[in-house]
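Keeping the supplied structure of chain A fixed, place chain B upon it in accordance with the hints.
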Amino acid sequence: MKDNNKYWKGLEELEAAPEFEAAKENEFPENIVMGDTIDESVLGATSDRRDFLKMLGFSVTAATIAAGCEMPVRKAIPYLIKPEEIIPGEAIMYASTSFEGGEYCSTLVKVRDGRPIKIEGNKMSHITQGVTSARVQASVLGLYDTNRLRGPLHNGEPVTWEDSDIEIKKQLNTIAGKGQKIVILSSTIISPSTKQVIADFKTKYPTTEHITYDAISCSGIIMAHEKTFNSAVLPKYNIRKADVIVSFGADFLGTWISPIEFAKEYSFKRKVDKDNPKMSKVYSIESNLSLTGSNADERYMIKPSHEGDAIIQLYNAIAGKSGANKVSGGKSALKDDVVEAIAKDLWSNKSKSLVISGSNNVNVQVLVNAINHMLNNYGRTLDISKPSNLRQGSDMAVKALIDNMNNGTVGALIVYGANPAYDLPLATAFNSGLEKVSLTVSFADRNDETASKMEYVCPDHHGLESWNDFEPYPGNYSLSQPTIAPLFDTRAAQESLLTWADAENTVYYKYIQNHWQTNILGDNISFQSEWDESLRDGVYRKNVEGTEVEYTGDAGVAASALLSANSSKESNVELVLYEKTGLGNGFFANNPWLQEMPDPISKVTWDNYALVSEDLANKYGVQHEVDNKNKKVFTISDGNNSMDLPVVIIPGLQPNTVAVALGYGRTAAGRAGDNVGKNAYPFASFDGETFNYNLANISIQKSSAVHLTAITQIHHNINIEERPVVRETLLEDYKSDRYAGTSTEKEREKLEEIRETSLYNFGVDHEYNGHHWGMSIDLNSCIGCGACIVACQAENNIPVVGKKEVARKHEMHWIRIDRYFYGNKDNPNVIHSPMLCQHCDNAPCENVCPVSATTHSDEGLNQMIYNRCIGTRYCANNCPYKVRRFNWFDYQSQDSFGADTIIANEHDPLGMTEDLPRMVLNPDVTVRSRGVMEKCTFCVQKIQVSKLTAKDEGRPLKDHDIEVACEAACPTNAIVFGDMNDLTSRVALSKKDERNFHVLEEIHVVPSIGYLTKVRNTKQQENA
Amino acid sequence: MFIESAIRPALVTGKKSYHDVTVDIAGGVEGTASKIWFAAITVTLLALLWGLYCMTLTVWDGIGTFGLNRTVGWGWCITNFVWWIGIGHAGTLISAVLLLFRQRWRTGVNRSAEAMTIFAVMCAGLFPIIHMGRPWMAFFIFPYPNTRGPVWPNFNSPLFWDVTAISTYFTISLLFWYMGMIPDLATIRDRAVTKIRRAVYGTLAMGWKGTARHWHRHEIVSLHLAGIATPLVLSVHSVVSFDFATTVIPGWHTTIFPPYFVAGAIFSGFAMVLTLMLIARKTMNLKNYITVDHVESMNKIIILTGTIVGVAYISELFTAWYSGSFYEQFAFTNRAMGSYWWAYWIMMTCNVLSPQLFWFKKLRRNIGFTFFMSIVINVGMWFERFVIIPLSLSKDYLISSWAPYQASFVEIGIFIGTLGLFFTCFLLFCKFLPVVAIAEVKHILKTSGDEARDKSEKMNGIPEGAERPVVNN
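Here the protein sequences come in this chain order: A and B.
The first sequence begins at 1 in this note's numbering and counts up by one.
The second sequence begins at 1 in this note's numbering and counts up by one.
Treat the hints with care, since some could be wrong.
Just a sample of chain B residues kept apart from chain A, beta carbon distances all over 12 Å, derived [claimed, not checked]:
#1 Gly-27
#2 Leu-68
#3 Pro-135
#4 Gly-202
#5 Thr-283
#6 Leu-433
Distance ranges between label pairs, derived from CB positions [said to hold, decoys possible]:
#7 Phe-142(B) to Val-945(A): 48 to 58 Å
#8 Ser-704(A) to Ser-34(B): 49 to 59 Å
#9 Gly-770(A) to Pro-143(B): 28 to 38 Å
#10 Ile-129(B) to Asp-915(A): 49 to 59 Å
#11 Leu-46(B) to Ser-704(A): 37 to 47 Å
#12 Val-945(A) to Ile-129(B): 34 to 44 Å
#13 Asp-915(A) to Pro-143(B): 37 to 47 Å
#14 Asp-737(A) to Met-337(B): 54 to 64 Å
#15 Met-337(B) to Lys-321(A): 53 to 63 Å
#16 Lys-804(A) to Ile-129(B): 21 to 31 Å
Rough simulated footprint, nothing fancy, chain A against chain B, three-plus residues with beta-carbon under 8 Å [unchecked claim]:
#17 174-182
#18 186-200
#19 245-252
#20 390-402
Hints in this document: simulated from the structure, not taken from any laboratory.
It should be emphasised that the depicted structure is a prediction, and the values quoted were computed from it without experimental measurement.
We treat Cβ as the ideally placed atom computed from N, Cα and C, and that holds for glycine.
Only chain A is shown next, with the shape it has when bound in the complex (with noise of 0.2 Å):
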C-alpha cells in the first residue's frame, strides 16, 4: 500500500537495481555535450586556488589600467536632433560633405544604428542647395567595398602602422638629407587643413613639392585666365544669373567640374511659370552627345577639331556687335546665319549670358574668355574674384615632374587622393619614372593601379569615416565628421603625414579646430559655440573680398596659334573622349551602383562603347540592330595605343566623330570594376601645355570579335502623334497657349469625359478621405542624369544584378528615365522621362492578382505585400508602364532554400550579399527574395515616418514633410511629390496647372503621376 504511494522513474529504481543506484549517485549521469569549443585539454587542465587568484588579480588589474586611459572624445554633432536621445531605430542626420571624384556636394548622412545607409543633400549649403547626383547618392556604398585594404601595406604585404611609419620617416629623413625631391602628388584638394598640414609636412621636409593634377583636367582654363586676367584660377560660373548659355561642349549639368551646383542653378531658370512665362536658353555645340546638349534648347554639332573655328566664329560675330577687333577665322564650322543668331541673343543677353567650352586647349578658353570679356559677363555669370577650387590641376606641372622622375631627381613620391598609374594619359612614362624612385607611398583605399606599384600603402579612411573641411569657393567652407567608427585599420592620409612630419599634434580633428580657430572663425571665445554650429549645419559661409583684376588678354595671338596647330589636326575621324554622367572619371569604378545606371543617353550599363552615328557606323560595315548580345565592334587606334570596343550607334552624334567614355578599364578597382569597358586615358594627348580629349588622326577598323552589351532601352521609331507619352512645346507657342503641346481642345474635352465615365456605375472605386498621395514630375526641369535612379536604389534595397542579368532586361531599378528621341535624325531632340509606378487609382494590376498581393491604400498607393505575392508575374504582364520588377533569382541571398545554403551566391557576382555590403541596407525597407514582384512604393517607409513625426508633435502633416528618395536626390527638383487633397501643396497646383498631362491616360487606369508638358525655347522645330 505504501509503495503504491510512490512515484517512480522506470523500473530500475522501482527495483532498486544496484547499477541504477551507483548511477544515481552521479549528479550528471552522460556526458555533457560542450561542442567543439571546450576540449579535452581544457576540461582536464588543474587549476588551483593560487591560479586563480593570479589571473583575477592580473585582469582586474589590466581592466583597470585600460579602462583609465583617457580616449580621446570626437564630437560629432548630429543635424538638428537633439544628441542626447539617440533612440535605436531612429536615424539621424550628420552634416558632411563629400568631395570624390572630384565631385563636390555638401550633404547629409542618415546613419541608422551606427551605420550610415543613405546621403541627401544639405539645404544649408549655398554651393550644391541640398541637392546631389547620381555619385554622390552611390558613394555611401563604396564605404562598404570589400576590396578596401585592411590595413596598411608593404610591397603587398600587411604591415603595421608602427613598422611602416619608422621605416617611411628614416627614408624621408634620408632623402630630403640628400636633396633629393619628396613630391606629394594629389588631385585636388579643397581642404584648407590638409593643405596646411603638407605645408606642415614641407616645413619638416623642405624639398617637398606638391604637384596637383586631376583626372580630367581643367588646366586650359586655368592656363588660359593666367593669360587673359594674370590670375591662374577657374572661375566660378554662376548659370543662374546666366539667360543664355552656349556650351562648346561642356557638359556642364553631367559632368563638367561642378555638375550638382550647375544643374540646381541650371533650374531656377527652366521652370516655366504660367503667369511669368521665361525661362533661359541653352545652345550646345559639340561633336558628342552629351548630357548638356540633350537638354539645350538648340544643339549643333561640330567635327571635335572645329572647335576652335566655331568658337573663332562667334569670338568675330560678337566683336562686329562690340567694335572689338576682328581675328582672323578658319573654316566656318557653323553655318553663319546660325553664328549670326547666337550672336544675336548673346549680345542682347549682355552681362547675362555665359559661353563656356569643355576644351581643355589654352588658346580656345582665351578665346572663350575674350568673348566673355566682350558680353561684360566678367564679375556676373563668372566671376575670377572669387574664384573656384574645384580644379587646381597642372598638366605642366605632372608632365614635369614624370620627366623628373625619369631623370632620377625624385627622391619620394607620395600619391593622395590619386591614381596616376591609370587615369593619366602619360601613364607608362609614369610607372617606368616609378620605379626610379626611392620611396613611394600611396594613400589609396584600395590596392589599386598605382597603389600596387608603390613600397608602402598607408589607406586613408573612407570620407565617412573621417574628419575633414572643404573650401570649394573663397568663404564658402563645409565640414566631413565621421559617421562611422573607421571599419579596417586605417588613418587619415593627413594623420600619416602629420606623423612623418613629427607634428605635436597628430590628431586631424585637433588640427582642423586648431585650424579653424586660426584662420577661419577666429580665435575668440564664441569659437566653441560657432564650431558646434558649422559642425551641425555642416557648412560655415565667411565674406572674404574678392581680388579685382583686369583683361590683358589677346585674341588674336590665340586665335593665329590655335589655327596654325589645328591645320595639321584634322582628320576623317576623329576621337572624343567624354566622362559619362554616372562613373564620371572612374574613381567610381568599384560602385555596381554607377556602373548598373544606365547611360542617360546611349542607356547602356556596365561598359564604355564607340559611340558613333549611324552614318560612320555604316561607313564602316556596322548597321543599327536591335541584338545587344552580339554588338560589333570598332578597333579604335591611334598609332600608339589601341582598343577594341563594340559599336553603340546614336543619333545626334556628329559624322566624323567618334566618342568614348574614359573612367573604364579599371584593372585593379575590384571585383565590380576590374575590366569592365577598355581604358581610353592613353589616348588623351599633351600638347605642351596641356591634356587634349578631342582627338584627330585616330583610325577604325571593323574587327571580327563581338561584345555582348548590356543595354536598357532599344531604339525604335517614335510617333509623338501616335504614342503621346511625352509632350513637348515651343515657349512661344506656350506664351499663347498655355495648353499648347499639352493638349488639344478636342482631346481635353475627350480626356474630361473619359475621366466622368466608367463601364460599370458602381460611383467611385476609392475614396480618399485622408490623404492621396500624388507626385508630379516637370519634364522641362529633368536633365535625365540618373541621380534618382541610385537615390532609389539605396532607399530601397534593389539589388545590382550584373551585366548579364541586365542584358536579359532584368534590371531591377523602379524608377527609370526613358529617353525618347525625335525631330531630325541626324540631329534629334532629346526627351528625358522618368518613369516609376504611376499609383494608378484605377490599378490594372491590382485586380489581375489571383493572392491580392497588391492592393490599394485607402491613401491611394498601390501597396505590393511581398509575403504574399507567389510570382505569377499577371501584374507585371499588365501594367502598361512595365515598372513592375521580378525577383528572377535570388539576387539578394534571401531565400528560405536553394541559395543561402551556399556560401557564394551565383546570382550575386558582385558580392552585394556578403556581410560588408549589406552594412548599406536600409532597415526599414523588406529585403526581397526570390521569385516576388516589386515596384516603387512611393517610399512608403518614409510617409510613416513623417506621418508618426506629425503625430507625435500633434500637427497636420506638411507639404514638404515627406520627400521621397527620387525626389529627395533631384538635381534640378523636377520631382515633386505630395498630397493631392492638400489644396495648397505643390503636387496639387502642379496638377492643376495646363501643362500638366497623365501618361496613357486614355486607358483610365488614374495615375497618380502628373507630368508636365517639356518646353523648348526656341522657334524651329527641327534642329539644323
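Coordinates of chain B only, in the frame set by chain A:
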C-alpha cells in the same frame, strides 16, 4: 428493336459479335505489350525525365532560367498551358455534348478522347504552378480557411477563375471517364486469369455486377455528369481567355476572345484526338471500331471550328482597324509584319487555310492526310497562343520598355517534358485500360453494327452486296 436506317454507314464494321468486341479490346489489356509499345514508352519517359530536370532547375534556381524579362512576363509556359487546355477540350465535347445529342458514333472514340482530356489537363495544370516565382506558396491561390484574417484569394482575378474552372473541369472529366470505364473494368476482372489482375481490376471495378440496377444507375449518373460537363466545354476556355481579355494590353484586351478560344480549343482538341486515334487504330488493330466514318465526322467538326477561328482572326484585324486606337492597330500590324511575322503566318496557314482542304470528301476520308493535318493544326494552334501571349507583351504601350523574347532551353525542356508526360500516360492507358468503351460499343452493335445494317437492308429491300458508303482500309 430499334433499327437505324440502312443508308447510315455502320459504326462498327467487321461483323463483330459481342464476344468479338470483348476479345478485341480486352485482349489488348491482357496480352503482353508489343516491342513498339516498349520503344515508344522509352522515348516518352526520356522526354518526361528531361522535363523533370528542367522543372527542377526552375524551382531550384528561379524563373530567371527562363527567357522571360521585365516586359514579357509570360512566354512559352503560358502558351503551352493554353495549348494543353485547348487540347483537353475534345474529350468533354465528345463524351458529354455528343452523348446528350445522342451521337452514337462517339462510342468508338470517347474513351480515349476522355483519357486524352485528363492527361492534357494534367499537363496544362503543371504550367501555372511551375511558372510561379514561389511555387511552394501555390496553395495561396485556393480559398481555404486560414488564421490570417482570414485572407482570401482575389475573387476578381481571372487567374483565380482559372483555378476554379480548371480544377472543376479536371474533376468532372476524371469522374466521367472513370464512371464510363467501370463496366469495362468489370469485364476485364471477369476474364482475368491471374490473381493480381483480378485483384487490381476488381478493386477498380468497384464491385460492378452488371445488374439492371447497376446499369440503371450508371446511365443516370452518366447523363447527369454529361449535363454538368456540357457548360464546362464553353466555360473553361472562356475563363482561360479572360486571363487575356480582361487586361489592358493591346492584343489581349479583346471581347471576341471567349468564343474564339472555345472554337480554337475544340479545333485543337479534335486534331489531337485524331492524332492519337489514328495511331491507336493502326497499332492496336481497332479499325473496326474507329472507322473512316469516325474520322470523317471529326474532320467535319474541324472544318467548322477552323472556320470559326479564321473568322475570329479576321474580326480581330477589323476591330483593331475600326477601334481607331493606335496601340491596338500597332499590336496587330506587329503580329503580321513585325519581327515574329513568321509565327503569325504559320498560325494563319495552319489554322485557317489548311482545314479548308477538308471540304473535299476524298481528303476528309484519307487517313494519311488526316493524320498530317492533325499535326499541322496542333502546330498552328500552338503558334496562335504564342502570337497572342508573348508577342503582345513584347511591344505594348511604352516603346522604352519594349523587349524581345526568346525561350530558354529550360522552357523548351518543360514543354518536351509535358509531351513526355502526356504520351507516357496515354501509352500506359492503352496498355492497361480498355481503349474503346466495350460496353458502349456493344450497346450500339445491334443497332449500328454491320449485321444490323444487313438486317435493315433486307427489311428495306436493298439487294445484298449493294455498295455501302463504307471504305475499309
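Fill in: chain A versus Gly-27(B) - minimum CB to CB distance exceeding 12 Å, so not interface
Holds, since 48 Å exceeds 12 Å.
Item to complete: Evaluate the given range 49 to 59 Å for the C-beta pair formed by Ile-129(B) and Asp-915(A).
Response: violated (35 Å)
Worksheet entry | Distal placement of Gly-202(B) relative to chain A, Cβ over 12 Å | Consistent with the label, Gly-202(B) stays out of reach of chain A, its closest Cβ about 42 Å off (over 12 Å).
Worksheet item: Residue count check for the segment 186-200 of chain B against chain A: does it reach three with CB-CB under 8 Å?
Response: It is violated: at least three residues are needed, and the segment 186-200 of chain B offers just 0 whose Cβ sits closer than 8 Å to chain A.
Discussion item. Range first: 34 to 44 Å. Now tell me if the beta carbons of Val-945(A) and Ile-129(B) are that far apart.
Written reply: Between Val-945(A) and Ile-129(B), where Cβ atoms are some 39 Å apart, the hint holds.
Item to complete: Mind checking the hinted window 54 to 64 Å against the Cβ distance between Asp-737(A) and Met-337(B)?
Response: violated (38 Å)
Worksheet item: Is the nearest CB of chain A more than 12 Å from the CB of Leu-433(B)?
Response: holds (35 Å)
Worksheet entry | 37 to 47 Å as the expected CB spacing between Pro-143(B) and Asp-915(A), which holds or is violated | holds (42 Å)
Worksheet item: Taking the closest pair, is the beta carbon of Thr-283(B) still more than 12 Å from chain A?
Response: holds (41 Å)
Practice prompt. Using the Cβ atoms, figure out if Leu-46(B) sits within 37 to 47 Å of Ser-704(A).
Written response: This hint holds: roughly 39 Å between Cβ atoms.
Discussion item. A range of 49 to 59 Å was offered for this pair. Does it hold for the Cβ distance of Ser-704(A) and Ser-34(B)?
Written reply: holds (55 Å)
Discussion item. Given a hint of 28 to 38 Å, does the C-beta separation of Gly-770(A) and Pro-143(B) actually sit inside it?
Written reply: holds (31 Å)
In this structure, the hints that do not hold are numbers 2, 3, 7, 10, 14, 17 and 18, in rising order.
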